[in-house]
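Colleague: As they're listed, the protein sequences go chains V and L. The numbers in our numbering rise by one with no breaks, and the one at position 93 of the first sequence is 107. The numbers in our numbering rise by one with no breaks, and the one at position 136 of the second sequence is 150.
Calculated directly from the structure, the hints in this document are not laboratory data. Check before you lean on any hint, since a few could be wrong.
It does not matter which identical chain is used: a pair holds within one copy or between any two.
Claimed, not checked - Capping the alpha-carbon separation at 30 Å, the derived lysine-lysine pairs in DSSO-like fashion look like this: (1) Lys294 to Lys104; (2) Lys38 to Lys294; (3) Lys104 to Lys289; (4) Lys289 to Lys25; (5) Lys163 to Lys25; (6) Lys25 to Lys294; (7) Lys289 to Lys123; (8) Lys163 to Lys104; (9) Lys123 to Lys163; (10) Lys38 to Lys163; (11) Lys38 to Lys104; (12) Lys123 to Lys104; (13) Lys294 to Lys163.
One letter stands for each residue in the lines below.
2 protein chains.
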Amino acid sequence: MAGDELEIIAKHFAPLATHPAARKLEDDLAVLQTRGPLAITADTIIEGVHFLPDDPIETIAKKALRVNISDLAAKGARAIGILLSLSWPKARRSAEIARFAAGLGEDLKLYRCALLGGDTTATPGPLSVSVTAIGRPYRRRIPARADGKPGEDLWITGSIGDAHLGLRAARGELGSLPARDRDLLIDRFRLPQPRTRFAQAIARLAGAAMDVSDGLLLDAARLAHASRMALTLEAASLPHSTIAQRWLETPDAYQLRLLSGGDDYEILFTAAPEKRASVKRAATRAGLQVTRIGGASAGEGVSLVDSHGAPLPIPDMGYRHTLGG
Amino acid sequence: MAGDELEIIAKHFAPLATHPAARKLEDDLAVLQTRGPLAITADTIIEGVHFLPDDPIETIAKKALRVNISDLAAKGARAIGILLSLSWPKARRSAEIARFAAGLGEDLKLYRCALLGGDTTATPGPLSVSVTAIGRPYRRRIPARADGKPGEDLWITGSIGDAHLGLRAARGELGSLPARDRDLLIDRFRLPQPRTRFAQAIARLAGAAMDVSDGLLLDAARLAHASRMALTLEAASLPHSTIAQRWLETPDAYQLRLLSGGDDYEILFTAAPEKRASVKRAATRAGLQVTRIGGASAGEGVSLVDSHGAPLPIPDMGYRHTLGG
């Protein structure tokens with residue numbers, strides 16, 4: 015890395031260490047005073063895998079944070095702070111570090127959490143950003159992937175498939191799109207919208223819960239597997255944005271691509287049928303679309319059915335983060 | 015990554031998740047029940063930067079863990095668990111993942127901590143291993159870099175410079191060395207020895223404390239800076255292993271190389287002069303060499319003096335992890 019690591023930290027990152035646990039990033043570790051349960055999660059994003067080399071450096075910083083915030087929100091928790099391990103390519107201009115830190119700082123403010131520690135290293139490889147996020151659950155119980163029960167409804171927040179279209183748009187694969195739609199989709203790919211405003215409702219109402227990052231179908235299969243049950247998804251009820259719906263009307267469109275594309279960062283959860291009204295009220299309060307997309311039953315695996323309940327083929331079970339190859 | 019991420023985790027990593035907080039790695043996060051202070055630190059090691067591409071995969075896993083355990087030990091804390099973010103190059107055989115997990119598992123057992131969570135990703139770049147370690151301090155107070163005071167002694171555990179010689183030996187730059195010495199030195203480079211048996215003594219006796227990873231002189235300068243004081247190191251009292259001493263007698267040897275080489279992972283700390291006997295007793299109990307190498311005074315910066323107290327020049331302030339270039 016150009017410049018001494020300590021200088022970079024002092025100049026760009028120390029101002030983000032707004033929690034006493036961070037020791038102003040002047041020490042070797044963070045010291046957190048704790049009581050009660052902590053939720054801890056870690057996710058890495060890598061250039062050419064989770065983001066494109068020419069994505070703005072600010073949104074790369076934000077995405078690294080947001081994918082972790084999303085993990086916490088989907089489990090009914092809010093972030094307190096993060097540790098950041100930044101592997102910075104020698105070929106990238108070090109002026110970009112200031113913009114990286116500025117982007118991260120904006121989002122730390124937005125999500126009310128602090129930078130607690132971490133490290134920075136010059137790397138001969140691609141830009142890689144590892145974040146460990148530490149959160150507090152809103153309730154003692156943190157919904158597990160394994161907490162689903164047959165008979166429960168299956169729900170999803172927001173809409174599915176925009177980020178996948180955004181990635182394709184960013185690569186120039188959706189040529190005929192109006193510029194405004196294109197920008198909106200690319201934004202969904204670059205900047206996940208963790209459903210933090212729904213995290214309290216998840217803590218209160220969800221059976222099983224998880225965020226959808228590797229494609230709805232694959233992640234639903236994981237939830238079904240962990241809960242030892244079957245999930246049925248109704249194709250017609252799956253929420254897509256207006257733009258995605260317009261795309262679905264074009265000749266080469268194919269709904270399954272939206273269901274197996276990655277980077278949605280919506281919350282997939284189950285809830286008992288008697289909680290339908292509560293889920294909808296909570297969604298209204300959060301200003302968020304939340305859609306019942308199917309249900310759980312005894313058995314295993316995921317099936318997709320049409321509006322008559324007839325099964326649709328599922329040829330591909332998801333996206334495994336392989337932009338690069 | 016060859017094979018599904020879930021299978022790899024279930025097969026190789028879930029057996030290492032021996033703490034209930036880990037939720038058997040079947041969920042999206044770890045849930046830690048806490049009371050009192052937690053110490054949290056994160057460090058990444060990258061192929062070609064912190065380890066060599068042909069280092070055994072088991073020792074790479076162990077090094078990633080140990081550099082974090084070392085951070086905790088140097089602050090008077092012991093590890094409870096870790097989160098692992100593993101970026102696995104597509105070109106590396108996936109059979110190596112089993113060996114990586116086996117090596118990590120051995121060390122998790124040795125240091126009595128558990129794998130709590132994390133993620134694995136296929137990367138187009140070099141192998142990169144990010145670890146976040148969570149620890150409990152032995153005492154409420156966790157010694158900071160900034161806790162040193164003029165008048166205190168400066169101490170170091172173990173010996174300085176072996177890992178630097180080990181790196182050079184691994185690169186074939188120390189030709190005339192007996193094979194046994196060569197292996198011992200390379201081992202010091204590949205496998206740091208975190209001074210966990212001295213962590214309780216650090217918690218009880220140290221003023222300022224930190225581990226030495228980027229070269230003794232640079233890290234001493236950081237400690238001096240954080241404590242707003244000067245440190246004087248006596249060249250003749252600096253502890254070197256028998257092998258390093260023999261190397262120092264060869265024509266091209268140069269003590270400053272040992273003091274600015276990286277990867278020592280010893281504990282540098284200050285303590286009040288009245289604690290000398292206690293420090294020595296604790297070292298004996300820990301079966302560890304601990305050497306008084308100088309002292310702190312009003313002022314700033316680090317100076318190195320000969321046996322007459324005359325200053326020696328310090329041309330290079332440390333090693334900044336740039337094996338690659």
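Colleague: All hints are to be evaluated individually against the structure, with a verdict given for each.
Modeller: Now for the hints, and whether the structure bears them out:
1. Within a single copy, lysine 294 and lysine 104 get their C-alpha atoms no closer than 50 Å, and across copies no closer than 44 Å, so neither meets the 30 Å cut-off.
2. Proximity of lysine 38 to lysine 294 under the C-alpha cut-off of 30 Å is found in neither arrangement, the shortest distances being 42 Å within a copy and 33 Å between copies.
3. When the C-alpha separation of lysine 104 and lysine 289 is checked against a cutoff of 30 Å, the pair qualifies neither within a copy, at 53 Å, nor between copies, at 45 Å.
4. For the homomeric pair lysine 289 and lysine 25, neither the shortest alpha-carbon distance inside one copy (50 Å) nor that between copies (37 Å) is at most 30 Å.
5. Only between protomers do lysine 163 and lysine 25 lie at most 30 Å apart by alpha-carbon distance; the minimum there is 26 Å, versus 51 Å within a single protomer.
6. In this homomeric assembly, lysine 25 and lysine 294 never come within 30 Å of each other (Cα to Cα): the closest approach is 46 Å inside a single copy and 40 Å across copies.
7. For the identical chains of this complex, lysine 289 and lysine 123 are neighbours neither inside a copy (33 Å) nor across copies (45 Å), given an alpha-carbon limit of 30 Å.
8. When the C-alpha separation of lysine 163 and lysine 104 is checked against a cutoff of 30 Å, the pair qualifies neither within a copy, at 50 Å, nor between copies, at 38 Å.
9. Taking identical chains as interchangeable, the C-alpha atoms of lysine 123 and lysine 163 are never at most 30 Å apart, the minima being 37 Å within one chain and 36 Å between chains.
10. Only between protomers do lysine 38 and lysine 163 lie at most 30 Å apart by alpha-carbon distance; the minimum there is 20 Å, versus 45 Å within a single protomer.
11. In this assembly of identical chains, the alpha carbons of lysine 38 and lysine 104 lie at most 30 Å apart only when taken from the same copy (26 Å versus 38 Å across copies).
12. In this homomeric assembly, lysine 123 and lysine 104 come within 30 Å of each other (Cα to Cα) only inside a single copy, at 29 Å, whereas the closest approach across copies is 36 Å.
13. For the homomeric pair lysine 294 and lysine 163, the shortest alpha-carbon distance inside one copy (20 Å) is at most 30 Å, but the shortest distance between copies (60 Å) is not.
Comparing the model with each earlier hint shows violations of hints 1, 2, 3, 4, 6, 7, 8 and 9; every other hint is respected.
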